[in-house]
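Since chain D is already given, all that's left is putting chain W on it; use the hints.
For reference, the chains in residue letters:
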Amino acid sequence: MGIKLPIIHSYKRFDKFGRVYLVNVEIEQSGDLKKFIPDGIKCVFRLMRVSEVNSHCYELVVLIDNHAPYGFHQHDKLPGVQDSRTSIQATNWKEAWLYFDRLLEEIMDET
Amino acid sequence: MKLKSLDIEIISTDDYRTNVKNIISGNIKSFQHQNLNAYQSIELFKKIMTPNKLQILMAISRLKPVSINQLSKFLVREYPHVFNDCKSLEAEGFIHLEEQDGLRKQLKPKLIFDFDIIRVKAPIEEIYSISERANKVLLSEARL
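In the order they appear, the protein sequences are chains D and W.
Position one of the first sequence corresponds to residue 1 (the numbering used here), numbered consecutively onward.
Position one of the second sequence corresponds to residue 1 (the numbering used here), numbered consecutively onward.
Chain D extracted, bound-state conformation (with noise of 0.2 Å):
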C-alpha cells in the first residue's frame, strides 16, 4: 500500500538533560511544480525547543524545506539567524525526512 500524502506529524521529546524539544514534519501536495521543486510536493521539516531566556516561548533549532528557488535546503543559522541556508542532498520528500532523521539524533546526542 502507498503512502497517500499529506502526512502532518508532531512529536514532542526531551532531550536527555529534560529539554523540551517539537518535531514538526509537514508533507503535502500543493501542485505547484515551480514553487515546490522538484516535483510540487511541499515538505516542511521543523526541530524547535523551549527556549534558555525564555522558558514559555520555543525557538526553532533546525528547519528544513524546499521552496523555489533553492529546492531542498536547510537553514543553517538558526535560531540567531533565520535566511542562511545551504542545500542538502535530497531529491524527494523521503531523503529530506532521512536527513532531518539523522540531524535530530545528532543533536539529541550532543545536547
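Because the hints were derived from the structure by calculation, they are not lab data.
Take the hints with a grain of salt, since some may be wrong.
DSBU-like, lysine-lysine: derived pairs with alpha carbons at most 30 Å apart [said to hold, decoys possible]:
| no. | chain 1 | residue 1 | chain 2 | residue 2 |
| --- | --- | --- | --- | --- |
| 1 | W | K21 | D | K16 |
| 2 | W | K87 | W | K47 |
| 3 | D | K16 | W | K87 |
| 4 | D | K77 | W | K105 |
| 5 | D | K42 | W | K2 |
| 6 | D | K77 | W | K21 |
| 7 | W | K53 | D | K16 |
| 8 | W | K108 | W | K46 |
| 9 | D | K16 | W | K108 |
| 10 | D | K4 | W | K21 |
| 11 | W | K46 | W | K110 |
| 12 | W | K46 | W | K121 |
| 13 | W | K73 | D | K4 |
| 14 | D | K94 | D | K4 |
| 15 | W | K53 | W | K73 |
| 16 | D | K35 | W | K105 |
| 17 | D | K94 | W | K121 |
| 18 | W | K136 | W | K53 |
| 19 | W | K73 | W | K21 |
| 20 | W | K4 | W | K87 |
| 21 | W | K2 | W | K110 |
| 22 | W | K46 | W | K4 |
| 23 | D | K4 | W | K2 |
| 24 | W | K2 | W | K136 |
| 25 | D | K35 | W | K21 |
| 26 | W | K87 | D | K35 |
Simulated coverage check for chain D against chain W, where a stretch passes if three residues somewhere in it have a Cβ under 8 Å from a Cβ of chain W [as the list claims (entries may be wrong)]:
| no. | region |
| --- | --- |
| 27 | 19-25 |
| 28 | 28-42 |
| 29 | 56-63 |
| 30 | 72-83 |
Computed from a predicted structure; not experimentally measured.
Virtual Cβ for every residue (Gly too), placed ideally from N, Cα, C.
For chain W alone, coordinates are given in the frame of chain D:
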C-alpha cells in the same frame, strides 16, 4: 451527538523513529500514523499542556475571541503571558494565529480544527472537555 476529538498519542521515541523509518521505506501494510500528534510520555504532555493553556483552548472554543488582546481580557491575565502561551500552543499544533487586516495587525486565535475534546491515548485514557457542546454532553449523561 458525535463529538470531534483531537487525539494525542503517547509513543516512545524508539517507536516513533521506527514508524518514521517504516513510512520512508514503504515497509508497512497499513499506515496508522498519517496524521500524528504525539508525545514521548504522559508526563511530557502534562508538562506542556498547563492549566493556563487548557483554559486558553476552552476560551477560544467557547468565547471566540477576535484577538489575543480580547482573549487576555476574557481570561483576566496579562497580555504578554497569554501571547506567549498562544505562540506555544501554535507551535505545539493546537491553534492557529490568524493575521487580521486592519490598522493594527491583530492575531486572531483559532483552534486548529473545531475539536470538542482532547483525548490522550495513554494506558489510562484521559479526556479534556474543550467545547461548550462537550460540556453539555457530559452534564446530560451525568444527569446534572
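We went through each hint and held it up to the structure:
1. W:K21 / D:K16: holds, 22 Å
2. W:K87 / W:K47: Holds. W:K87 to W:K47 sits at ~16 Å (cutoff 30 Å).
3. D:K16 / W:K87: Satisfied, since the Cα-Cα distance of roughly 25 Å is no more than 30 Å.
4. D:K77 / W:K105: holds, 29 Å
5. D:K42 / W:K2: violated, 33 Å
6. D:K77 / W:K21: holds, 27 Å
7. W:K53 / D:K16: Holds, because 25 Å separates the two Cα atoms, which is no more than 30 Å.
8. W:K108 / W:K46: With a Cα-Cα distance of about 25 Å, the restraint between W:K108 and W:K46 holds, given a limit of 30 Å.
9. D:K16 / W:K108: Answer violated: D:K16 to W:K108 is near 36 Å, above 30 Å.
10. D:K4 / W:K21: OK: D:K4 and W:K21 at ~15 Å, within 30 Å.
11. W:K46 / W:K110: holds, 22 Å
12. W:K46 / W:K121: holds, 13 Å
13. W:K73 / D:K4: Roughly 43 Å between the alpha carbons, so the hint for W:K73 and D:K4 is violated.
14. D:K94 / D:K4: Holds, at roughly 13 Å.
15. W:K53 / W:K73: Satisfied, since the Cα-Cα distance of roughly 15 Å is no more than 30 Å.
16. D:K35 / W:K105: Given that 30 Å is the threshold and the Cα spacing comes to 27 Å, the pair holds.
17. D:K94 / W:K121: holds, 28 Å
18. W:K136 / W:K53: Roughly 21 Å separates the two Cα atoms, so the pair holds.
19. W:K73 / W:K21: violated, 46 Å
20. W:K4 / W:K87: Holds, at about 23 Å.
21. W:K2 / W:K110: holds, 21 Å
22. W:K46 / W:K4: holds, 21 Å
23. D:K4 / W:K2: Between D:K4 and W:K2 the Cα gap is close to 26 Å, so the pair holds against 30 Å.
24. W:K2 / W:K136: It holds: about 12 Å lies between the C-alpha atoms, which stays within 30 Å.
25. D:K35 / W:K21: holds, 27 Å
26. W:K87 / D:K35: Between W:K87 and D:K35 the Cα gap is close to 27 Å, so the pair holds against 30 Å.
27. 19-25: With 3 residues in contact (Cβ-Cβ under 8 Å with chain W), the coverage given for the region 19-25 of chain D holds.
28. 28-42: violated (count 0)
29. 56-63: Our answer is that it holds, as 3 residues pass the Cβ test (under 8 Å) against chain W, meeting three.
30. 72-83: Result for this restraint: violated, n = 0.
Violated hints, listed in ascending order, are 5, 9, 13, 19, 28 and 30; each of the other numbered hints is respected by the structure.
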